[in-house]
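There are 2 protein chains.
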Amino acid sequence: MRCEVVAVGTELLLGQIVDTNSSWIGEQLALIGIDSLHQVKVGDNFGRMEATIRQALERSDAVICCGGLGPTQDDITREVIAKIMGVEMVRDDAIAAHIRNIFEGRGRPMPENNLRQADVPDGANTIEQMPGTAPGLMCPVGDKMIYAVPGVPHEMREMMEGTVLQDLRRRSGETSVIHSRVIRTWGYGESALAETLADHVNTLDESGHATIAFQASGIEGIKVRVTAKAESHDAAEAIIAAEVELIRKAIGDHIFGYDDETMESVVLDALRDRRLTVAAGESLTGGILASRITALDPAMKVFKGAVVSPVGDLDDEDGAVAAARAARDAIGTDIGIAVIGPRDPEAHPPGTVFAAVALPDSDHAKTVALPGVLSRMRSYAVITLLDLLRKRLA
Amino acid sequence: MRCEVVAVGTELLLGQIVDTNSSWIGEQLALIGIDSLHQVKVGDNFGRMEATIRQALERSDAVICCGGLGPTQDDITREVIAKIMGVEMVRDDAIAAHIRNIFEGRGRPMPENNLRQADVPDGANTIEQMPGTAPGLMCPVGDKMIYAVPGVPHEMREMMEGTVLQDLRRRSGETSVIHSRVIRTWGYGESALAETLADHVNTLDESGHATIAFQASGIEGIKVRVTAKAESHDAAEAIIAAEVELIRKAIGDHIFGYDDETMESVVLDALRDRRLTVAAGESLTGGILASRITALDPAMKVFKGAVVSPVGDLDDEDGAVAAARAARDAIGTDIGIAVIGPRDPEAHPPGTVFAAVALPDSDHAKTVALPGVLSRMRSYAVITLLDLLRKRLA
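Listed in order, the protein sequences are those of chains R and H. Convert by adding 222 to the 1-based position in the first sequence; the result is the number in the working numbering. Convert by adding 222 to the 1-based position in the second sequence; the result is the number in the working numbering.
Chain R on its own, in the form it takes in the complex:
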């Protein structure tokens, strides 16, 4: 079963609003096993909207139109759908009463314009959920279906979750379930990771039980998404667990976490488990490390603080160790961490930085070359340093 998404609104094309609705809908469709092979943005123009929706309907079983259901003259999604259905517009008294109620509830006079929202294509069904003044519509065209939902994200989501996804699922006759898990990795390039797992991926493709996708995500590392389709939740979870175990064996400690875990959350959890506290010396990273970690530990119970200051006289691994120890001793924690750059970057390979972890009984330092301009290097340096600490704690 295929379902396309058409996002309506000139403001989307002009970049005044980013179309996050289509992404969210795409994710929901994938999770119930419905293919969404095209997603299109189109402006508030009758002819182009009609052509776009007709084309989507031709190559798919259903279309979700998002936006253009408001009260103003440029909100024409209802009229365009009526033309495609080959029907007239009719006033829906129940919707009109609902809209009047909403305005009365707010104690505001209703602009006459708003009743336009109660004019719907003859033969369309109203979606039960209606959190705002825009009604959602289910508009049959032959054996296919156009769903019209508002562009306001929370209104759209309520209708999708309350009606549209279930209706699509019922129409698809699909009984299998789809689960996925994200494996978070650090330290591999995308192609190197793909090469390491290539044989495995090929075997998987043949078995057809699960799929693996790679997603390079900058300072979030490379995400490996394992997706399984099966007859039950338990069966899907079992396939994923087996896959994850195989990948874990292949790439080992390059895996720092799963799903919503981040490098910061993983390191904080490890420190908390071991009842250890940490402080950071920041020169190159200028406070980025502290800002990321304190977002998760705002009361600074585990990460107890940072000293942000220019790099000192030693600009090598020893300098990084000195900065880590200084932060640890100044703030009074068990562990100190620091990453510094050379005073004269020309004297080293591009992107060279020195990272250090000062544990209670030993120091550990590492020199790495990071890619990109300074702003990216700074972010990479933070994760590199946290990864060094993570491996020391493991």
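Because the hints were derived from the structure by calculation, they are not lab data. What you are looking at is a predicted structure, and each value in this text was computed from that prediction instead of being measured. Every residue gets a Cβ at the ideal spot worked out from N, C-alpha and C, and that includes glycine. Among the clues, some could well be false.
[Stated by the list, open to error] List time: in silico DSSO-like cross-link candidates among lysine-lysine, alpha-carbon distance up to 30 Å:
1) Lys523/H <-> Lys526/R
2) Lys613/R <-> Lys523/R
3) Lys526/R <-> Lys588/H
4) Lys471/H <-> Lys613/H
[Stated by the list, open to error] Over the 10 Å line for every Cβ pair with chain H, so calculated as not near, a few chain R residues:
5) Val363
6) Asp481
7) Asp535
8) Leu536
Let chain R serve as the given structure and place chain H on it in line with the hints.
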């Protein structure tokens, strides 16, 4: 002139990544007067990519394909474009050498896969900017043009700004020029700002010389964009200068800067002009202030550092002053700044924070209530504190 945007990548359809690239490109096209009437997302599938790009090319003068230029087997944008051009793929030795160099610079072995990125359609021109291993391409099809740029946002932007937008503008033959200036404001809500400027905006709409748009941008404040279209650069600039002067008179010191200026850059410039140095005490803001300022002053010549630590015993304006003075004295600067939150937020109105500036001869503190959840409050607190310093320096 019309230019469509085709965003390539199955991960976009699955909602794993939100397509911000098309929005950004749409905004840039609008600013140079080029219509972008459709924007499409399509997965990594040869047949669907080919059909989508062909259709875009049919109804527009140019197409920008974004993504699918990576080194892995599912990156097939190059091959699809070659088919549409009706040409073979050829190895570009200059690109191959460039890719090898990038890997050598990082001291990493180059996976053989990566050389796929040097295979380009015969007859395509390389875009000069190449910040990563993915080359940007200009691929003529008859008298139309397909531009291929990477999906990595910063690589895409560098190529768009360095080459593609200029090439499109040249091809469009447009002789009138469009200029715009962004007025950066802080301290107004969007509707309050719009109300203050309402009469003025109505007059403008009638004159037709310039347009004004408001853009609420969170911690960037509210941007007021003035756009003018005229026969010459000088004429457009004159219209804008007159507009900006009128707005300046209406909203005064709520304006902190223009165009690419940020609150940080404005404050740093003011300090630099006055040969003053500053240090920050961060508890509530946990390093965010330092990370934002050191991005502009990485050697810490003006902003000489920060102390990130939990809030002390005094959690009021006096506590903020104490933290500002402590940072100033510990790091040895002319000025100290700090913003703290109450230890018990329940005892104060929601979002209450205390900001302070400790100058060499006087202290200044302010209590404000900031909106939103903690992460937004932290960011707002940084800008509130910098704005307090900005007004003191003015």
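Hint check:
1. Lys523/H <-> Lys526/R: Holds, because 26 Å separates the two Cα atoms, which is no more than 30 Å.
2. Lys613/R <-> Lys523/R: With a Cα-Cα distance of about 22 Å, the restraint between Lys613/R and Lys523/R holds, given a limit of 30 Å.
3. Lys526/R <-> Lys588/H: 26 Å, holds
4. Lys471/H <-> Lys613/H: 17 Å, holds
5. Val363: It holds; Val363/R is separated from chain H by about 21 Å at its closest Cβ, greater than 10 Å.
6. Asp481: Its Cβ never comes within 10 Å of chain H, the nearest being 12 Å, so this holds.
7. Asp535: 15 Å, holds
8. Leu536: 17 Å, holds
Checked against the numbered hints given earlier, this structure breaks none of them.
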